[in-house]
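Asker: Those sequence lines, one after another, are chains A and B. When we follow our numbering, the leftmost residue of the first sequence carries the number 110, and every step to the right adds one. When we follow our numbering, the leftmost residue of the second sequence carries the number 3, and every step to the right adds one.
Please keep in mind that the hints were generated in silico from the structure rather than gathered at the bench. A quick note: this is a predicted structure, and the numbers were derived from the prediction, not measured. Even glycine gets a Cβ: it sits at the ideal position worked out from N, Cα and C. Among these hints, one or two may not hold up.
[What the hints assert, rightly or not] Label-pair restraints from in silico Cβ distances:
(1) Gly130(A) <-> Thr93(B): 55 to 63 Å
(2) Ile99(B) <-> Pro236(A): 52 to 60 Å
(3) Asp189(B) <-> Gly189(A): 21 to 29 Å
[Claimed, not checked] Here are some chain A residues the structure puts well away from chain B; computed CB gaps all over 12 Å:
(4) Gly116
(5) Arg119
(6) Ala131
(7) Gly170
(8) Glu186
(9) Arg230
(10) Met403
(11) Asn464
(12) Gly490
(13) Pro497
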Amino acid sequence: MFGTSDGSRREFMRAAVAIGGAGALSACMERAQEPVPPGDRGALPTRQYAWVDHVPEDEHGNFRLPRHHVFLYSNYEEDGTPSADEADRLETALRSLERAYQWSNQGLLFSLGYSPSYFERFDRSLPSSVDLPAPRRLSDFEEPDLDEQDLLLQLASDSAEVVLAAEEAVLGARDEVNTVEMEADAGDFLTVDERRTGFISGGMPAEKATEGVEGIPTEANIPEQSPLFMGFKGGFADNQASEDHIAIEEGPFAEATTKHVSNIRQRLQDWYIEQDFEDRVAEMFSATHAKEEMVEGAGLNLGDGSGITDAMTTDLVETANEYGRVGHAQKNARFNRDADGNVILHRRHVESTDNGYASLHFPSLQREISQFERVRVGMNGDDVRESPRIRQRVNNGILEYIFTLHRGNFLVPARSQRSFPTPAGEVV
Amino acid sequence: MRRRTYLATVGATLTGAVAGCASGDDGGREGNADGTEERTEHDEEHSGAPDRVYVPEHATAMTMEGMGGDGDFQFSVMISSPELFFLVEGTDVRESILFDDHSVHVMASVWDPETGVALPETGMSVEMLDADGRTVTQEVIYPMLSQRMGFHYGANVALDGYGEYTARVSVGGMEIERTRGFADRFDDPASVDVPVSFTEAKAEKFTESNPADAGEHGALSPMEMGMRPTGALPKAADMPGTALGTTTSDDARLHMGVLTDTALGGDDPYLYVSPRTPYNRFPLPNMLLRAVLHTGDGRRELELTRRLDDDLNYHYGVSLPEAPAVLAGEIGLGIVPSVSPQVTRHAGYETAFVEMDPVTVDPSG
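Please construct the entire structure, taking both the sequences and the accompanying hints into account.
Answerer: Quick look at the structure:
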């Protein structure tokens with residue numbers, strides 16, 4: 110099954126990350142091809158989510174996320190609040206990782222976020238400059254499990270062995286990473302409640318990962334260049350908030366951001382079988398995109414933007430009555446700009462085959478969780494359903510094909526506050 | 003692919019004035035067979051189907067797998083053999099695609115346990131889990147009209163062979179306007195697990211029979227299965243308010259009436275249209291209806307809103323200050339179906355309610 114070609118090697122690495130553990134790690138290390146660049150703690154950005162300047166761009170200026178992602182939804186094991194000693198051990202462990210790996214896609218990018226449940230451990234509440242409500246359902250038709258673990262550690266790298274080794278090391282199962290000694294670990298007080306994995310791009314087309322995965326029909330003809338199961342590129346630079354625009358501006362958590370992460374199961378039978386390419390373009394982008402043949406293949410020809418114009422975002426009920434469909438991008442564009450015209454959300458979604466099901470891990474970073482909620486509620490198309498041709502989940506963008514399984518909200522503090530912050534922004 | 007290209011033009015000359023009830027409007031004809039659990043099946047050739055509601059070529063048996071309640075909703079799940087149905091997009095009608103691995107047709111119904119009103123315009127999905135709790139399929143399923151099954155939600159699904167399954171049926175909180183007794187109901191999503199037993203013995207019973215009057219204008223009568231409502235609307239004579247009559251457009255029956263002094267119209271009378279299938283009186287959801295008033299001064303056009311009311315049931319309505327003058331015959335009223343019912347059809351319904359002409363209302367009829 111795993112041959113020597115690049116494609117099968119990448120597929121092996123993807124599967125290894127999904128499985129996890131020491132066995133998977135050693136198998137990856139045997140196959141590792143290039144040395145991983147070591148880290149330089151003097152060169153680290155303040156923001157944990159400062160990734161864009163540390164990953165490559167494509168020819169259109171869209172940033173490319175690292176290939177492999179591990180999401181560790183974890184709990185602090187004790188009641189009450191972590192001790193200063195535990196905070197120190199956590200910070201020491203993270204600094205060891207930073208010394209071991211370059212802060213880049215070739216090394217390791219990671220961030221630690223804290224949930225509202227975590228902050229409830231403290232007597233005082235978060236300042237008003239932080240908007241971090243508990244997660245909740247964001248449509249009338251979803252019943253997600255709410256992720257209320259204390260924290261989320263996301264690890265990302267182009268190298269499978271790096272995310273696997275970092276995971277093992279931070280939890281105390283490994284003393285050394287990339288020849289750097291781990292000076293501490295968090296294994297005594299952090300427990301992983303849910304381990305989820307994802308992958309994207311970097312020459313890893315989604316089509317390679319579909320074998321034996323529930324949710325994608327064998328007949329699906331996913332374009333070779335598509336990084337996503339739905340067959341189109343996403344995350345156009347023109348439609349991404351800058352890291353400056355998602356940074357909290359003031360208060361004790363200045364330079365932090367909020368992170369909403371959903372896990373969305375994809376059921377693409379009808380997407381690929383009942384619909385033709387033109388239908389898919391109309392539901393992903395707009396009917397105009399379909400009629401005017403604006404999208405070729407996976408949509409790389411669109412460059413750095415999705416091609417949504419103001420005209421495509423007005424009179425959607427009329428459009429729906431005429432064409433019988435409204436596009437996902439078309440609906441969302443109406444809500445994803447602030448008063449000054451800046452894009453609000455910064456999306457970093459990756460594909461997943463966890464447990465054998467096709468799904469999407471969808472982190473969205475923004476200044477306030479409420480901003481995400483407004484855009485997501487807009488995606489429901491409540492106003493567009495005035496047209497009888499648009500149903501709650503049918504002909505309504507891509508809602509027919511996605512099922513939200515999890516939602517969680519986290520605060521991603523500045524690097525200096527990342528190890529067990531208090532609601533006042535100090536480290537315990 | 004079958005394409006029908008007619009588009010009802012908004013503001014076209016009002017034609018086809020028909021008032022009163024068509025004969026047989028409220029009576030279904032009896033099923034062909036022995037009165038056991040049966041249901042219509044599509045005629046694959048489909049040539050020569052009459053351009054209106056007709057008796058389909060086949061009827062197939064099905065089984066009730068179970069029921070369950072959650073929140074404001076009551077559910078049932080039935081299965082039968084996979085079958086073709088017809089998807090409607092605007093005025094295009096196209097056959098669904100059958101695959102070799104389709105095992106069963108899953109039919110879910112959802113209704114209000116208090117009134118027995120079947121609920122259209124919900125977002126329904128079904129997840130089938132195997133005995134180990136693994137998801138075998140999960141998809142949004144479509145609202146459908148079937149002469150024997152009534153109004154329901156259905157899909158053909160691929161199971162992993164014979165065995166015991168769980169159908170996890172989920173409905174979204176309703177989003178169309180609900181009024182009066184239904185105002186605060188059906189807001190939240192709900193779901194139930196119903197055990198489904200798909201056995202070889204059962205599959206062998208999904209046999210077809212052939213109605214004697216297949217292909218003729220008419221309809222099989224709906225099948226009663228326990229508590230499950232067929233979705234039939236009240237007879238025109240039993241609808242509330244002052245009747246404006248019942249007209250026909252592409253074989254749809256549009257019953258119209260006026261209510262006064264209700265919360266629906268506010269300070270004004272309320273015009274409602276209750277479109278239904280002939281014979282079985284199933285609701286015709288997801289239309290766009292406009293009312294056109296012809297006064298001495300000219301013409302006024304109003305869009306009707308899709309609503310669910312505990313007395314009127316599923317209907318289309320609008321406040322209409324001119325209602326007394328309409329009832330007196332001083333102002334002409336027409337109804338323009340700008341979008342025909344965007345609901346999936348089983349055989350027998352796919353040629354009707356697609357190319358709907360505007361109608362005029364004759365309150366004296």
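Asker: Each hint: holds or not?
Answerer: Hints, verified against the model:
{"no.": "1", "hint": "Gly130(A) <-> Thr93(B): 55 to 63 Å", "in the structure": "57 Å, holds"}
{"no.": "2", "hint": "Ile99(B) <-> Pro236(A): 52 to 60 Å", "in the structure": "56 Å, holds"}
{"no.": "3", "hint": "Asp189(B) <-> Gly189(A): 21 to 29 Å", "in the structure": "38 Å, violated"}
{"no.": "4", "hint": "Gly116", "in the structure": "28 Å, holds"}
{"no.": "5", "hint": "Arg119", "in the structure": "27 Å, holds"}
{"no.": "6", "hint": "Ala131", "in the structure": "27 Å, holds"}
{"no.": "7", "hint": "Gly170", "in the structure": "36 Å, holds"}
{"no.": "8", "hint": "Glu186", "in the structure": "28 Å, holds"}
{"no.": "9", "hint": "Arg230", "in the structure": "30 Å, holds"}
{"no.": "10", "hint": "Met403", "in the structure": "21 Å, holds"}
{"no.": "11", "hint": "Asn464", "in the structure": "9 Å, violated"}
{"no.": "12", "hint": "Gly490", "in the structure": "10 Å, violated"}
{"no.": "13", "hint": "Pro497", "in the structure": "4 Å, violated"}
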